[in-house]
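Participant: Residue numbers (this note's numbering), protein chains in the order written: chain Y, 1 to 139; chain P, 1 to 1016; chain A, 1 to 222; chain X, 1 to 290; chain C, 1 to 310.
Treat each hint with caution, since some may be false.
What the hints assert, rightly or not - Stretch-level coverage of chain P by chain Y, calculated; a stretch enters the list once three of its residues show a Cβ under 8 angstroms from a Cβ in chain Y:
| id | region |
| --- | --- |
| 1 | 405–418 |
| 2 | 549–562 |
Stated by the list, open to error - Which residues of chain C face chain A? A partial, calculated answer using Cβ under 7 angstroms:
| id | residue |
| --- | --- |
| 3 | Ser-108 |
| 4 | His-117 |
| 5 | Asp-127 |
| 6 | Gly-146 |
| 7 | Lys-233 |
Source of the hints: derived by calculation from the structure; they are not laboratory data. These numbers were taken from a predicted model, which means no experiment stands behind them. All C-beta atoms in this analysis are idealised placements derived from N, C-alpha and C, irrespective of residue type, glycine included.
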Amino acid sequence: MKNFEPEIVAFCCHYCAYTAADMAGSKRLSYPPNVKIIRVPCTGKVDALHMMRAFEKGADGVYVAGCLEGDCHFKNGNTRAGQRVAYVQKILEDLGIEPQRLEMIMMSAGMGERFARTAFEFTEKIRELGPCPVKPIKK
Amino acid sequence: MQTLKNIEHDRMTGLKVLVIGGGVGGIRAALDLAESRRNVILIDTSYSIGGLMTRLDRTFPTNNCDLCTVSPHLSESSRQVYLDLKPMTRLETLTGEAGQFKATLVTEPRYIDMEKCTACGECYKQFPGAVRFTPGLDPRAPTCMRYPQATPYAFSIDMDKVTDIKALQKVCKADAILAQDQQQTAVVDVASVVLSMGAELFAPAVLEHFGGGRFDNVVTTLEYERIMSASGPFQGDLVRVSDRKRPKKVAWIQCVGSRGINKGDVPYCSSACCMISLKEAMVTKERFAENIETTIFYMDMRTFGKDYELYLDRAKNDYGIRMIRSRPHSIVEEAGTKNLAITYALEDETLQKTEEFDMVVLSVGFRVPGSSVDLARRIGVDLNAHDFIRADHFNPVVTSRPGVYVCGVAQSPKDIPETMVQASAAAGMAASNLPAAVDLPETELDFVPEKDVSGQAPRIGVFICDCGLEIGGVVDVGKMVEFSKAQPQVVVAKAVGYGCSSESMLLIEEAVKGNDLNRVVIGGCSPRTHETKFQDLLRRSGLNKYLVEIVNLRDQNTWTHMNQPKEALDKSFHLLSAGISGVAKNRPLMDQTLPMSRNALVIGGGVTGMTAALQLADQGVKVYLVEKNSTLGGLAKSIRRTIEGEDVGLFMARLAEQVSVHKNIMVLTDTIIVDHSGVPGRFKTGLQTGLRMNYMQVDHGVTIFAVGALPNRPDAYGLGIHQGIVTQLELDAVMEDHPEKIKAMSQVVMIQCAGSREPENPNCSRVCCQAAVKNALRMKTLNPDLEIFILYRDIRTYGFYEDYYRQARNMGVHFIRFSLDNKPEVWIENDRISVFTEDGILGRKIQFEPDCLALSTGMKADDETTEDLAMMFHLPRTGDHFFLEDHVKLRPVDMSVRGIFIAGTARSPKTIPESITEAHAAACRAQALLAKKEINLGAAVAKVDGTKCAACLICVRACPFSIPFINEDGYSQIDPAQCRGCGVCAAECPAKAIQLLAFEDDQIMAKVDGLFGGLN
Amino acid sequence: MITAEQKPLEEIIAYIEPYDRIFLVGCNECVTVCAAGGRKEVGLLASALRLNSMKQGKTIEIKEITLERQCDPEYVEELASDINRTDAVLSMACGCGVQTLAGRYKEMPIFPAVNTLFMGASESQGIWAERCRGCGDCLLGITGGICPVARCSKSLFNGPCGGTCSGKCEISPEVDCAWCLIWERLKALGMEKRYEELMEAKDWRPSGGGGPRKIVRKDLVL
Amino acid sequence: MMLRKKLTQGEFAVLVELNIPKGVDISELVTHVRHLKSRIDAVVIPDMDGGVMRMSALGGGAVIRREGFEPVIHIYGRDRNRMAIQGDVLAAQALGIQNLIVVQGDAMANSDHPAAKTVDDLNELDLLSMVQSLQKGLDLAGFDLKGKPAFFTGCQVQPIRDDKHLLEEYEKAKEKIAAGAQFIVVPPVFDIPAYTQILNKFKSLKVPVIATVFMLKNVGMARYISINDPGSGLSDELIGRIRKAKDRETECVHIAAEMIRSLKGVAQGVKISAVGWEDRLPAILDCAGL
Amino acid sequence: MKTESKLERILASGNLAVTSECGPPRGARPEKVREKAALLKDHVDAVNVTDNQTAMVRMSSWAAGVIIKQMGMDPILQMVTRDRNRLAMQSDIIGAYSLGINTMLCLSGDHPKFGDHATAKSVYDLDSVQLVRMVQKMRDEGKFQGGADIDCPPKMFVGAASNPFAEPFDLRVSRLAKKIKAGADFVQTQCIFNLDKFEKFMEMVCDRGLNEKVYLLAGITPMKSAGMAKYMKNKVPGMDVPDEVIKRLEGVSKAEQPEEGIKIAVESIQRLKEVKGVHGFHIMAIEWEEKVPQIVEKAGLFPRPAVENL
């Protein structure tokens, strides 16, 4: 599995993680290109359905990146997202898919380094796990 | 920048404010004025704006990347309709008087047509000598501009160095080089002027004992910033100049050129340098290597700003930065290694020490450049003893010439937050010479009517920007265009060079119209900075602005994966595919708006609250000024004189009188805030007044928090036990009311940091050092024979207060240092006060028996009040219970909730003039918001499909703002005017009856699908 | 409201294992409100089932539909047009819905995807608690509005058993002792005396003891 | 049951003070009052208290009456002369308002019309006599009225500062009763034993005494009252209780409810002043077991 | 005399009654019953035979009762409403009576959750009060619960349980009154460790005159160890074990603790003998039946009065 390049989707909150990702860019911090970002106004908007959809479409890993605890622009959207992530992790587990493929991560807008490090660590973690057992059947 | 000429034309009518200097202060002032619908001309002698801050790597105390924090301001400046930016321009003369000045502006030739220049960098590549770019240490030309998002986005040519103008013109594909460009002079009517020229940094080359600029590895703090910067000479790698090797031992030397001892020094304190060095040392450890040994040589550690003391503690305790209290007198370079030997003496040791370092950073302070002195003389504003602009003692942004205001380092040395505060304050003051904001006409950009695209199949245009080499240098734009063309529903795909240049924007606009496109994808940089720009483009093209999707190819792809071009290209395909399939689902949306309430609520009737209220009321804003005590005045009422000798009582009485009789101010004393609701621009707050607690509700568009702080009265050093032990505040009153008591004294001891900088109150109270010096000086005047001992930890007489500190020393006031772990002790025996302290220099305990012991107790936050308000208004506070501003650096008077501002000691301890400045700043920021007729709430609001709703109440319960309710028809209803757009309800709705507009499920799903589909 | 919760995925997967085309049918009434079988849960379960089949290397076709109310024949009729294009139906409604479907589409295998639990009330967001057992002879009028049938672990009619501890039931400290609640409530209402009235043995016929129950409103019958 | 009947028969009455809008939008007022349906005995409507201009109590009273509640309106001499007041009082009766409380007008210090001219033609005792006179069918000039009004008229006591002041207010109340006051409204005290003593003192005047329960809303307000009104008996413990509460607003509701409960046996009725927190009144009543 | 119950006769005679209990075996060996009962013979007036105690299956209580009866002792048939509906209970009652059992105790029973058949459906057709009422009606009116006449009604001496310590405390007396109202002739209480509280309870009982309407047997349980005391305090619902009791047990060595426990039980009986309304003692020596005679003797309750002599 050395050559395995995981597909990773990151749902990022506009106010923090997305900004942090931009900041990682402006600092030219390198992280694996496997991570692709979808911007949301708040992680509280990320539905369990969206996370599942990413796996259905072929993601090997998904993470939801929101503001630090207590820092949500909408009070508690990030904690709601965290609860939802835990719920979907349970579904994945029931389906025999490693729940670690889904994660909730928190960071502030200023944490460009953390964004890059997280992207790196998450990618490595998924690389360890190998391809998601539900890769869609290529037509 | 699209219509510089047109703007020029439009702006010839109506009064303007002239802002001089395009650093952060000038930009802030100009933006504040423009936001409050005042016409502004921002001039700078340089060819692009940004000033010193754009050259810093990161700023303290957040250690954020400077570029990232400042760039939104820069791009905003080019968008503002009211803002006219004139680089390479100086003010020659200023005649007339406030309200009707005539300003003569001289613009130097740029030899480049900014309309045409795309900043491709070709000219610089070919003629590096003649095309201007970053000065200083930078040996390479990253994008040939000082920083990546330069404003204006164009080069300039140094014609003196051009040998063959034809050849130069030839390399320019945009045909932007104007060989015949000439100096231009214009006379404009301006109502007021804001001076924000900033200052230079001291060049230490004159200092022989520090190498006189000859040693490779001795750099200034600014040069060190450039070395660490990603856009710097070593691409952000920390190495020594001499051998390009990572240093293992770096030393900083403070006060180089400041607090004058040496040749070429100035006597004042440059205020910002201590924090800069601490930051550099911390970033060194954080970013490069934990084990790089960092040492700071200093005299007094002046971390007096908000939460700066905590920063110092972190530097010492968490990062292990070595702090040595000493002023080294020389640096010697070792011949072979080019290492540097520093010789220094410790205060409690007689022997000198010599230590070797790999690199030495000289912490240089601010200097007034000759050009500023000339300018001041030309326009007739007075300078102070140090050639800074002389400012009013109570209102530091007011100069000697009415109608001319000053901010930032041009007034006194300071750091960025204080510059931002002064900038806003100056802008507010400057605006008062113009018609009141509420009377100004609204100016709207004209857009063509929107086409109805509903029911049409998506016709998508994809435009890909190369952003110079930023995108195009990493991935092949052509391949991306080809890829996009192959995607379903894509009608046009094009490369557009610099997508955000006016030329490219025009090209896109034409393509949209010509191909009858109804959806647009822009592949470029971050939507965070550029979405609005392209949304405007769509509106000009007759499309709803929500039909565009920005694909972040630069910040989140080519910048981060520049070393993996193949992978970056593959990722860009994914991202484009997601953007294309996403945009197909975009729908035209209407922004939600609410009419703005033009009232202001000012909480706190101290000096800050009154000043802010008055400023707003003068601008025609109806102000409710709420004070919980029965009289106005607050803490400042108990201060008698300022250090400059001004009568505070008189000033306060006048201020209170002005406020009380103002027809636009309703003063509510004995009044408590009891409830709060609403959205920025339409707040509703409940007040209860008097002992009967009569209730009333007020509508207001903005709120200013000026609740102040409390004088600290720590249970320390016998305070409250003996009548001879007093606070500085009490001493101030004694001197004023009973000078004879002072005359009868023979010895006075003062203890600094009483109850501050200690674990229970870790921050510095900022005002106490100058208060002690002030009182000492005044006592010495009253009683020259009086012996005064000031026991201190660090003397923090920042800026020009240093003059008073020096004066006190000269007058024989004794300063004795102590440390936190060896604090003075106070005994009372037979009604006599005894103070014991360890004298570091003598190395033994000494005892005083003073007639009076004055404690510098500073201030602490009014925990109960700030807590109450923070809960009601949902605002954050700091660990020591002050209110926490939205951005400690760039938005010091804005709170995290829009429309709520903070000023004065409710934010952090500060002096009366500083509080007044903040009050003006907050009022100015408030005014900018009030100048809008409507509050734009964006389009991202939740919408309920009543036919699907099961009225389960989940949205009602989950909404963080309690907006949804079940209506009479039995389904959930969400008021778009109140919805904040987080989407929590949409994500939790079990019936999928709620959608968050602009982020609807099908849009998000389409993006997910796009990321994985359409490839191969 | 009827409350339900989703069955373990394993069980659902086992039901539909033999089929390739599944109709996943939600209900927009009670099960939506208790977040067990509304549109959102239908979507989630469909997604999970698809993931599972992909994992097996199988393609499965799931059609998602959420009916206004699965226990009314008219709404159930909505499935008629497409039912032939499916191999099995998975219902996310309560038992009433499943049976209504089974009654209407007799040829079609119908499986439940949720366990129907009880008639409950929402205590707070995400928490539902049993409140009524439909015993057909409501005595809330004399027990202070708190039902001993549904809320006492032993359905006692004459007072708490000896196991009450700090107002909680002996079976779990999470469960309130219904009789403590009743007693407090009676006291608050000044109706303590009521307690000592003997409650005679209950007639269980209306609660199902007399066989399956039915309500016939003659005036409404067409 | 009518307020008069209830009070005179010795039954516990619950009065709620509601603010009238500054403006003509009465929707909030009506919504709030509807939530109190059949839970309270009367609605007390102050008239431009604090000197803040708003819809008159007379108008507000008519609105409340229309909603099926029994209004009690304030009358005072600060803003109107004897002509205006008599006219309004007659109008009130015609609109179905049968209860009055004669109050002292608040000072204009924090008024939104500080420049307004104050009238002060009649004082509290004058007003009470005026009502008496009108009830007899004569106006203040002695002319006959066409039809006599009948009111249930109360008076108000000023906040009690200390024992001496209590005696003064007691004497004044005595005079007011002599002038025709039929019940007394006593301002709030947060220390129940102390309040009980005060209420008992007034009870000796043999007219129904109504205690006031004042809604604390936050720490700042409680602190203000405790500092500026030493007679209020608002202790640091009470402030601390609000401060320490997890949900401060709920705690404030509990405090008010507790006060109502402890006053039940002491006073003849309570007037709940929740101004600004009208939406929490049902919760307060629930919590107080009313 | 309502019945032929020995317990009734002793109580009616004004003597302090003594009862104890015997849990039937989890199997079909009658000798197990005999062994246990033999330990109590002569020292108690009647023996409670528990009914699927702690929701674990055991030999049915009426069968074990019959075995005890055959030994010449007097069983008290315990019956819980958890496992049988009104039909089954009534049939068991007349069956037991026909075999000579004339005293019973009506209970609701521990919840199945605590037993070894946690998945069983609990019946609870009636609750304990309704059961008391039903038995009383069978005896006094000669009617089944459904209303039909009984040919030879069972003359049962009906008992109920009372826990003076369970919460809410202010309901305890009312609850007792309700059971009396339903027809309870005698009441056995939960084990009493907190004597002060019990005395308070009894005061309230007497205040209402309930002591005149019912015979109350105070529950006594000797503690084997401090550990057992702590367990009862913390784990057994409705049990009130004051800290002093635990401390007193902890105050002696482990080996001496059983002796101390018995001492406490004896002292309790001595003290409660004086309490108004206490008509006897119900000694529940859980798995420690062999100590019952000793307690009875030390408490001065031995010898037991002979019924014939009354």
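Participant: Looking back at the numbered hints, which does the structure fail to meet, lowest number first?
Facilitator: Hints 1, 4, 6 and 7 are the ones this structure does not satisfy, whereas the remaining hints hold.
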